[in-house]
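Colleague: Here is what each chain is made of, one letter per residue.
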Amino acid sequence: MSDSKIESGRQNRPPTGQEAERGTKETTYLEAIREAMWEEMTTDPTVFLLGEDVGTYGGAFKITEGFLDEFGPERIIDTPISEAAIVGAAIGAAHMGFKPIAEMQFIDFIAPAFDMIVNFAAKVRYRTGVGAPLVIRGPCGGGAHAGPFHSQNVESYFANVAGLKMVAPATARDAKGLLRAAIRDPDPVLYFEHKYLYRRIKEELPIDEEIIVPLGAARTHRPGSDLTIVTYGAMVYKAEEAASRISEEDGAELEVLDLRTLRPLDTSTIVESVKRTGRVLIVHEAPRFGGFAGEIASQICEEAFEWLDAPIRRVTALDTPVPFAPPLEEYYLPQTADIVDAARWMLAY
Amino acid sequence: MMGRKRMAVAGDRPAITWRSGVLSSLTSEELRELFRYLVLSRGLEERLEHLLKQGQVVGDLYDGRGQEATVVGSAFALEEGDWLAPSLREMGALLTRGLDPRMLLLQYLARDGSPSAGRDKSHHVTIPHLGLLGPIGPLGAQLCVLNGVALAFRLRGERRVCLTYLGDGASRTGAAHEGLNLAAVQRLPLVVILIHNRWAFATRSDQQAAVADWIDVAAAYGVSAASVDGNDVLHVYDETRRAVDRARRGDGVTLIVAETYRMYGHAQHDAQEYVPEADLHEWRARDPIDLFERYLIDSGFESRPSLAVVKEAARRELSAAVEEALSAPMPEPEGARFRTVEGERIPVPWTRRAAVYEDLGQPASTRP
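If you read the protein sequences in the order shown, they are chains A and B. Residue numbers 1 to 349, in my numbering, belong to the letters of the first sequence in order. Residue numbers 1 to 368, in my numbering, belong to the letters of the second sequence in order.
This is chain A alone, in the form it adopts within the complex (with noise of 0.2 angstroms):
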């Protein structure tokens, strides 16, 4: 680590005198992101990384700033707009006993990638009994006005495919621990990081501490004993802020469990929670129709039936791609507003 690459920025920000003293680092997001792969690249020589643009500029979204000049062109490549090649040659390496990370410069991009993540990467390991430990990352949704190809929300697209794990990360302690636990697993693990999250979550991660967050494991955000809202991602903040207005205009007290891992899902905290609160509402960014919602509340009724006090409910994007203009893609998004609705309208029930 040369001071020079200190002081351009492009190495990662070391501890000021004051964090170092308190033992934590204010980290964004986007930092976590980048600190995952970053150690987790420096520790494992057979971690790699390939996608669009992620060496010399350092990503799109400048994640991987001065990773090429650390590691090199062997292990930071920069691709074709190929997203099907990056995909499979990350497979390949993967069955060689690499652990490559694929980057699609926006999670809207993993579509040219389908036929090498369902029928490739997910199958690969049943039919043959070789495994593919890869990590596919990309930014994913709304809220940055970018349209409908750079906002989507993708889980749903995969969400029927056996062989695959899918994380979505809420917090930046998250985002670091579920992407080293990523890249460490041994099956494909689609990784969706948020962009609207990326430099708005900061929090102060402990600096001498190793975070890891097995993946499948769902985390309590806000505890509660009325009704418990689950969701992920971003709509994390957003349920937590209906709780909080709930809580001061209703008295009552919202659970928000934050899903963090999609695939497995974490059933049995979910049911543990609605057995305790008899009433589930889950939210999500992605739109309704087939979405995760439907699954969860599938799981719900088949496991913890007879414990509902309420309908389950779902606040979702509309069945719309994301659209562009701010005003349609705030009234496509859920809002704070929705949940509270759904979730006033359940008490009362």
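Errors might be hidden in some of the hints.
[To be verified] Beta-carbon label-pair distances, calculated as ranges:
id: 1; chain 1: A; residue 1: 111; chain 2: B; residue 2: 332; range: 34 to 44 angstroms
id: 2; chain 1: A; residue 1: 162; chain 2: B; residue 2: 327; range: 23 to 33 angstroms
id: 3; chain 1: B; residue 1: 112; chain 2: A; residue 2: 162; range: 14 to 24 angstroms
id: 4; chain 1: A; residue 1: 56; chain 2: B; residue 2: 216; range: 27 to 37 angstroms
id: 5; chain 1: A; residue 1: 22; chain 2: B; residue 2: 249; range: 52 to 62 angstroms
id: 6; chain 1: A; residue 1: 268; chain 2: B; residue 2: 332; range: 25 to 35 angstroms
id: 7; chain 1: A; residue 1: 144; chain 2: B; residue 2: 202; range: 44 to 54 angstroms
id: 8; chain 1: B; residue 1: 332; chain 2: A; residue 2: 97; range: 22 to 32 angstroms
id: 9; chain 1: B; residue 1: 249; chain 2: A; residue 2: 97; range: 20 to 30 angstroms
id: 10; chain 1: A; residue 1: 111; chain 2: B; residue 2: 327; range: 42 to 52 angstroms
[Unchecked claim] Chain B residues, not near chain A, derived (Cβ > 12 angstroms throughout):
id: 11; residue: 158
id: 12; residue: 207
id: 13; residue: 227
id: 14; residue: 282
These are calculated hints, taken from the structure and not from any lab test. All C-beta atoms in this analysis are idealised placements derived from N, C-alpha and C, irrespective of residue type, glycine included.
Following the hints, position chain B against chain A.
Modeller: Just chain B now, kept in the frame of chain A:
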């Protein structure tokens, strides 16, 4: 080392040509070995056709008979440690890389002891110690994945080579374009055999691409290119060997266009009435095994009786393999839930709660 003479061939087109550099690098044992793989592949596919008609082969057969010289000759040019990814008619390549015919029979019969343990069909097998990467149904995809194997070789500083096959149809997929292009810009150690067999299912190759000569497609990727008579096993071997050497030296990708003909339809269900009989007649006269056999005898490397011994040995090997495969059990039905890898049962989907499916049909526990 060996007698060298140009083949004098009856008729107006050469049956098989002698090419400088080939015979000097192949011993007479290797020539016999090549012949063995050709007849083993042909024999295995004949057996499979028979077994399909008996209802033993599950599904269908994508017949590679008539294209054996292309696949055996190219696979023979690889060394131990190299990797190969078949497409859909490359039985001979798998055998040449050392896959036991018994394993292929078990696979086609969907038996428990097959490489995919009954989870996948035909030659969709990935066997790392043999350097075999299985394709998936959408062809062309295996090229993208094989690039990753080649990338791994380079990351480890190993001088190993990858080889795969694309039909004229599969070469038109997005995956094939993307894969070939990435391999080219990364100068990966890759050889691609483009099998111009004139048909992709029922679509003619001139409906696949508007090139006059399929070798022209190589220029767009900036890769080395060669064109071979795909029914001439030595020609295929020779050009592939050069390409493999080039890849091993670090000089990048070669696309070899093998001119041949699909003789038996897309699969067994396809009577290929759309294929002109004149074409089949012409290419039947250039059967790759007949050509090589005639060449070996006429050039004095082998005698008819010595080749008969090779054929008989292959026949016996296949008979024993068929018998063994037929006696192998089908997989247990509940095996559908998991894949066993090195003794460990890995549930599918990869979830801690795979057992939830066992609970279906049972009433959920009631509220206290």
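Colleague: If a hint holds in the structure, say so; if it doesn't, say that too.
Modeller: Taking the hints in turn, this is what the structure says about them:
1. In this structure the hint that residue 111/A and residue 332/B lie 34 to 44 angstroms apart at CB holds, the actual value being about 38 angstroms.
2. A beta carbon spacing of about 32 angstroms between residue 162/A and residue 327/B agrees with the range 23 to 33 angstroms that was offered as a hint.
3. Between residue 112/B and residue 162/A the beta carbon distance is about 21 angstroms. The supplied range of 14 to 24 angstroms therefore holds.
4. One distance hint, 27 to 37 angstroms for the beta-carbon pair residue 56/A and residue 216/B, holds here, with the actual separation near 32 angstroms.
5. For residue 22/A paired with residue 249/B, a C-beta distance near 57 angstroms keeps the hint of 52 to 62 angstroms intact.
6. With their beta carbons about 29 angstroms apart, residue 268/A and residue 332/B fall inside the hinted range of 25 to 35 angstroms.
7. A hinted range of 44 to 54 angstroms holds for the C-beta pair residue 144/A and residue 202/B, which are about 47 angstroms apart.
8. Range check, residue 332/B to residue 97/A: Cβ separation about 31 angstroms, and the 22 to 32 angstroms hint holds.
9. Between residue 249/B and residue 97/A the beta carbons are some 25 angstroms apart, a value that agrees with the proposed interval 20 to 30 angstroms.
10. Between residue 111/A and residue 327/B the Cβ separation comes to about 47 angstroms, which falls inside the hinted range of 42 to 52 angstroms.
11. Distance check on residue 158/B: its Cβ comes as close as 10 angstroms (rounded) to a Cβ of chain A, failing to clear the 12 angstroms threshold; non-interface status is violated.
12. At roughly 22 angstroms, the least C-beta separation between residue 207/B and chain A is larger than 12 angstroms, which holds for a residue marked as non-interface.
13. Residue-level check passed: residue 227/B sits 25 angstroms from the nearest beta carbon of chain A, beyond 12 angstroms.
14. The Cβ of residue 282/B lies farther than 12 angstroms from every Cβ of chain A, with a closest approach of about 36 angstroms, so its non-interface assignment holds.
When the structure is compared with the earlier hints, a violation turns up for hint 11 alone.
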